[in-house]
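Q: As you go down the protein sequences, you meet chains U and H in turn.
Heads up: the first sequence is residues 43 to 685, going by my numbering.
Heads up: the second sequence is residues 80 to 450, going by my numbering.
Since the hints were made in silico from the structure, they are not lab data.
Heads up, a few of these hints could be off.
[As the list claims (entries may be wrong)] Derived contacts from chain H toward chain U, CB cut-off under 10 Å, selection only:
(1) Y110
(2) T113
(3) A119
(4) M120
(5) T125
(6) L270
(7) A408
(8) L449
(9) A450
A quick note: this is a predicted structure, and the numbers were derived from the prediction, not measured.
Quick reminder that beta carbons are idealized off the backbone N, C-alpha and C, glycines included.
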Amino acid sequence: MSILTNGEPGKRYLLMGNEAIARGALEAGVSVCAGYPGTPSSEIIESLSKVAGNRNLYVEWSTNEKVSMEVAAAASFAGLRAMCPMKQNGVNVGSDFLLHLALSGTRGGMVIVPCDDPGALSSINEGESRQFARLLEVPLLEPGDFQEAKGITRWAFELSEELHSMVFVRSVTRLSHASGNVEFGELPQVNPKAGFKHDGFILDEMEGIITSAPVDYKHGLQHAKLKKAVERFENSPFNTYQGPEHPELILVTSSACNFYCREAIGLLDAGDRVGLLKLATTWPLPPKLIEKYLSMTDRFFVVEEVIPFTEENLKILAQEMAPRIGIKTIMGKRDGKLPMVGELNPDIVTQALAGLLGLEYKPQPDDYVQRSREIVTRAPNRELTFCPGCPHRASFWTINNVLKMDNRQGFVCGDIGCYTLSTLPTGFSASKTLHAMGSGTGVASGFGKLKQFGMDQPVLSVCGDSTFFASALPALFNAVHNQSDITMVLLDNSGTAMTGFQTHPGLKTGAMGQEVPAISIEAVCRSIGAKVKISDPFDIESTRNALFELLEENGVNVLILKQICTLSPEKKAKKKFEVRVMAEKCLGESCGCGRLCTRIFRCPGLIWNKDKGKAEINDVICIGCGVCGSICPNAAIEKKEVA
Amino acid sequence: MQVYGSKELVEDVLNKDLCIGCGACVDLCPYFKTYKGKTAMIFPCTVQQGRCHAYCPKTESDLTELSMSLFGKPYDGSPMGHHEKILIARAGDKVHPAPFQAGGAVSALVTFAMKNGMVDAAVLTGRTGLIPYAELVTESESVARFTTSKYMAAPTLSAFNQGVKQGFQKIGVVGTPCQMTALAQMSINPLHTENFKDSVALKIGLFCTWALDTRKLAAYLSSRLDITGIKAMDIPPPPAEILVLDMGGKTIEIPLSEIRPLVPRTCLLCPDMTSEWADVSVGVLEGEPKFNTLIIRTRTGQDLVDKAVAQGFLTIREMPAVNLDHLSAAASNKKKRALAGAMEEGLLNTAENGKRAMMRIEKAVVERILA
Numbered sequence: 043m044s045i046l047t048n049g050e051p052g053k054r055y056l057l058m059g060n061e062a063i064a065r066g067a068l069e070a071g072v073s074v075c076a077g078y079p080g081t082p083s084s085e086i087i088e089s090l091s092k093v094a095g096n097r098n099l100y101v102e103w104s105t106n107e108k109v110s111m112e113v114a115a116a117a118s119f120a121g122l123r124a125m126c127p128m129k130q131n132g133v134n135v136g137s138d139f140l141l142h143l144a145l146s147g148t149r150g151g152m153v154i155v156p157c158d159d160p161g162a163l164s165s166i167n168e169g170e171s172r173q174f175a176r177l178l179e180v181p182l183l184e185p186g187d188f189q190e191a192k193g194i195t196r197w198a199f200e201l202s203e204e205l206h207s208m209v210f211v212r213s214v215t216r217l218s219h220a221s222g223n224v225e226f227g228e229l230p231q232v233n234p235k236a237g238f239k240h241d242g243f244i245l246d247e248m249e250g251i252i253t254s255a256p257v258d259y260k261h262g263l264q265h266a267k268l269k270k271a272v273e274r275f276e277n278s279p280f281n282t283y284q285g286p287e288h289p290e291l292i293l294v295t296s297s298a299c300n301f302y303c304r305e306a307i308g309l310l311d312a313g314d315r316v317g318l319l320k321l322a323t324t325w326p327l328p329p330k331l332i333e334k335y336l337s338m339t340d341r342f343f344v345v346e347e348v349i350p351f352t353e354e355n356l357k358i359l360a361q362e363m364a365p366r367i368g369i370k371t372i373m374g375k376r377d378g379k380l381p382m383v384g385e386l387n388p389d390i391v392t393q394a395l396a397g398l399l400g401l402e403y404k405p406q407p408d409d410y411v412q413r414s415r416e417i418v419t420r421a422p423n424r425e426l427t428f429c430p431g432c433p434h435r436a437s438f439w440t441i442n443n444v445l446k447m448d449n450r451q452g453f454v455c456g457d458i459g460c461y462t463l464s465t466l467p468t469g470f471s472a473s474k475t476l477h478a479m480g481s482g483t484g485v486a487s488g489f490g491k492l493k494q495f496g497m498d499q500p501v502l503s504v505c506g507d508s509t510f511f512a513s514a515l516p517a518l519f520n521a522v523h524n525q526s527d528i529t530m531v532l533l534d535n536s537g538t539a540m541t542g543f544q545t546h547p548g549l550k551t552g553a554m555g556q557e558v559p560a561i562s563i564e565a566v567c568r569s570i571g572a573k574v575k576i577s578d579p580f581d582i583e584s585t586r587n588a589l590f591e592l593l594e595e596n597g598v599n600v601l602i603l604k605q606i607c608t609l610s611p612e613k614k615a616k617k618k619f620e621v622r623v624m625a626e627k628c629l630g631e632s633c634g635c636g637r638l639c640t641r642i643f644r645c646p647g648l649i650w651n652k653d654k655g656k657a658e659i660n661d662v663i664c665i666g667c668g669v670c671g672s673i674c675p676n677a678a679i680e681k682k683e684v685a
Numbered sequence: 080m081q082v083y084g085s086k087e088l089v090e091d092v093l094n095k096d097l098c099i100g101c102g103a104c105v106d107l108c109p110y111f112k113t114y115k116g117k118t119a120m121i122f123p124c125t126v127q128q129g130r131c132h133a134y135c136p137k138t139e140s141d142l143t144e145l146s147m148s149l150f151g152k153p154y155d156g157s158p159m160g161h162h163e164k165i166l167i168a169r170a171g172d173k174v175h176p177a178p179f180q181a182g183g184a185v186s187a188l189v190t191f192a193m194k195n196g197m198v199d200a201a202v203l204t205g206r207t208g209l210i211p212y213a214e215l216v217t218e219s220e221s222v223a224r225f226t227t228s229k230y231m232a233a234p235t236l237s238a239f240n241q242g243v244k245q246g247f248q249k250i251g252v253v254g255t256p257c258q259m260t261a262l263a264q265m266s267i268n269p270l271h272t273e274n275f276k277d278s279v280a281l282k283i284g285l286f287c288t289w290a291l292d293t294r295k296l297a298a299y300l301s302s303r304l305d306i307t308g309i310k311a312m313d314i315p316p317p318p319a320e321i322l323v324l325d326m327g328g329k330t331i332e333i334p335l336s337e338i339r340p341l342v343p344r345t346c347l348l349c350p351d352m353t354s355e356w357a358d359v360s361v362g363v364l365e366g367e368p369k370f371n372t373l374i375i376r377t378r379t380g381q382d383l384v385d386k387a388v389a390q391g392f393l394t395i396r397e398m399p400a401v402n403l404d405h406l407s408a409a410a411s412n413k414k415k416r417a418l419a420g421a422m423e424e425g426l427l428n429t430a431e432n433g434k435r436a437m438m439r440i441e442k443a444v445v446e447r448i449l450a
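Here chain U stands alone, though its shape is the one from the complex:
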């Protein structure tokens, strides 16, 4: 049983930020939660899916973020409380719907939870979802610690219901994935009944039709809602100030930067010199509250991630208030005190604050860089790599080899998933473009139309099974309909592997463990007229032959490389082969091999024994896929099928 429903009210529990958000939703009586997996957001839905039966929730992994927003919105329209968590770029995916939802309004509390990834720790962008709140003109809340992650989520539902507007609760990796103490409140004993009222007066928010038109009226209504939100924000207990009445300087912060600021003030022992204004209601900023703090001193230092969002909003208010409160100095990112890109940390913030206070602070000892360089030379060189026995390594091995042998400068348009690593040596650097989910096939579709301009390079795209449903389908349809010449390689590892094996429409199990119909990727591709071949990427030869054949075909080809992820719960710890290097046959560094397996193929299950000058298998991590047996030029790697 999950602590999320078993924990006792009034007691404190160590929760991950994402679990705290989930608990907040439970305490608010959420009924529907829909999202698309994406780090650092995935645990919100995962933890709710575990208690779904218990709390009569409906939880789903939707096909993509836009659909998840629509699913959640429907629940809100039917009077239920609904939540929609996603990673930062998920907001981009659904922003078209959100732009209209902002105008049409909501009924039951509707909370969007974007979890941003400053520093792009698990992303290939560090996009800011906060900007969307301003763009869409909806209220934005940012929890500053774990307790607030729960409390603010809970409050966000009430606020949303009061305003008839969706509310953003924005988290970041260091809040979502770190853990802290959270005191539980009561879980409501409610059993909401869903129903969609649609035959009332056309402009009635609760009983009319739900649409963004007439736009000028709805937009006006939206601004009235924002005004009401600001009134609530003025008195929100989640905006806090800590520090002297007449500080030299006030730090203004939100989200995980709250931790860094508190640590910086402590490290510099500056608690009696500076104040800390931690804002939770970051858009729109409540002007009375801001004026009160702007009046307390003349210097302000805004600490936030990633773009100078609050800094700019604060500067607008300060300018408007200047006739009353005088000219204020607001520092932060625009003046270079803090970096415009990447994650912040206590060192960066402490050093910047020390500079502003005229204090000495060295985050590291003088010889730190020198000493770490010395140590690094002794540390093993570790690079981003596919897991031992990862099907993607085998797939990209063949893709690379076929494209090189084909000798026409063919290339791969990459996509989002573990196989994003194929831009790196672990995927033999096969992918040459990389953007959003589904973009690989979209970009390929464009390249595949350039023959009339003399481009004769073969064009491949890669796409995972989850990405296929999420966003590659429109691109594939585009390629077929517009007669583009591409080969899409579908890396089907039977799950949303990168984010932890969440389900998708191609699988037989839903988010709550229920049995659901699986949609066949092969059948979909065939039905739209693509030529389809299926191969096991571990069978190097047949995969190679299949790809060679498809490269000769015009039009849209799909090569489905089907092999379940090595880490999947179904497959874990089951070895197909016992693998062994026959030392007497291993050529090692000599001409004829040049350490192919440990220098190029580089499965972590293969190790180079420098002393013996031979390759060996690391039995502890080898998962027995047997692929290295197929690539050894001297047949020195023996594989025996495990009974």
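Following the hints, position chain H against chain U.
A: Relative to chain U, chain H alone:
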């Protein structure tokens, strides 16, 4: 000859578009692969001196060194290279009739060498559809499957490398001048390997003025006909100036001027028309479509021809003087053009300025050829 590694091979040959795809570097290691007439390096290798570079006929080919080693005398640049005898020949009565090119002398010699035990395997070039492929043949009955010319660069020597790996020690190879050059370079043990054993027992060289780029030819022909229906191809001796395609029942003629642009530039830099490093070289014969020209260069070649004639596998005659003159003039012209081109591109004897050469020939010999 100076031997380098795969890095230099890629820089000097692949990147300069000098690779003819002969297959000499293929199947030695996992890095060089052949596909549709082209050779590619799929991953870089770190070996400083490799067989790939040593065997390649387009890197540091030192013709003096080869000539000294094979014939015991310096390379003199004579049009048809070192030879003992030039004859005309055709398959003898003992050879099962097959759709031979010209006189079928090549098939006859290979069949005989296999039956006679002179070779235990033969490396031959076949064709699937249009695309040439290499095969290691161990039964003399199979030779008939490989008759007729391909006129395309073929990775023939990859099958030789496979044969060596499989342990064959007496391999016969039928190949073009570039392939004979590669085999000659293999036979001089360029990497000074201990216990070196030359696995080439017989080199049957083919005359070659140029080959065609496989993929380009396939594209050219595909737009005009069904390439899977091509039974045989022939470029009759001058002055015909046509490529004749036997489509089974009908023939299609294509002017050479149409397909000359499909000749890889590396062929135009090759000075060897008659496979000068072979044991015996075979070509067509002007005016006699059912005969071959035969150049015997080594004792091995002489021995093979003598025995084949004695046992009825080959019929020979003297070469008419007029044919000899024409052959010599053609071979000499190719040499002149190739050396002039190589010199212009800085590919001939370029050690002085630290550059690597494609080919090394004594300065006096170069002057004599170009004179």
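Q: So, for every hint listed, does it hold in this structure?
A: Comparing the hints with the structure gives:
1. Y110: Holds, because the Cβ-Cβ distance from H/Y110 to chain U comes to roughly 7 Å (cut-off 10 Å).
2. T113: Hint on H/T113: holds, closest Cβ of chain U at ~8 Å, below 10 Å.
3. A119: OK, holds: H/A119 within 10 Å of chain U, min 5 Å.
4. M120: Holds: closest Cβ of chain U sits about 7 Å from H/M120, inside 10 Å.
5. T125: 6 Å, holds
6. L270: Interface hint status for H/L270: holds (8 Å vs cutoff 10 Å).
7. A408: 37 Å, violated
8. L449: 34 Å, violated
9. A450: At about 40 Å, which exceeds the 10 Å cut-off, the nearest Cβ of chain U leaves the hint on H/A450 violated.
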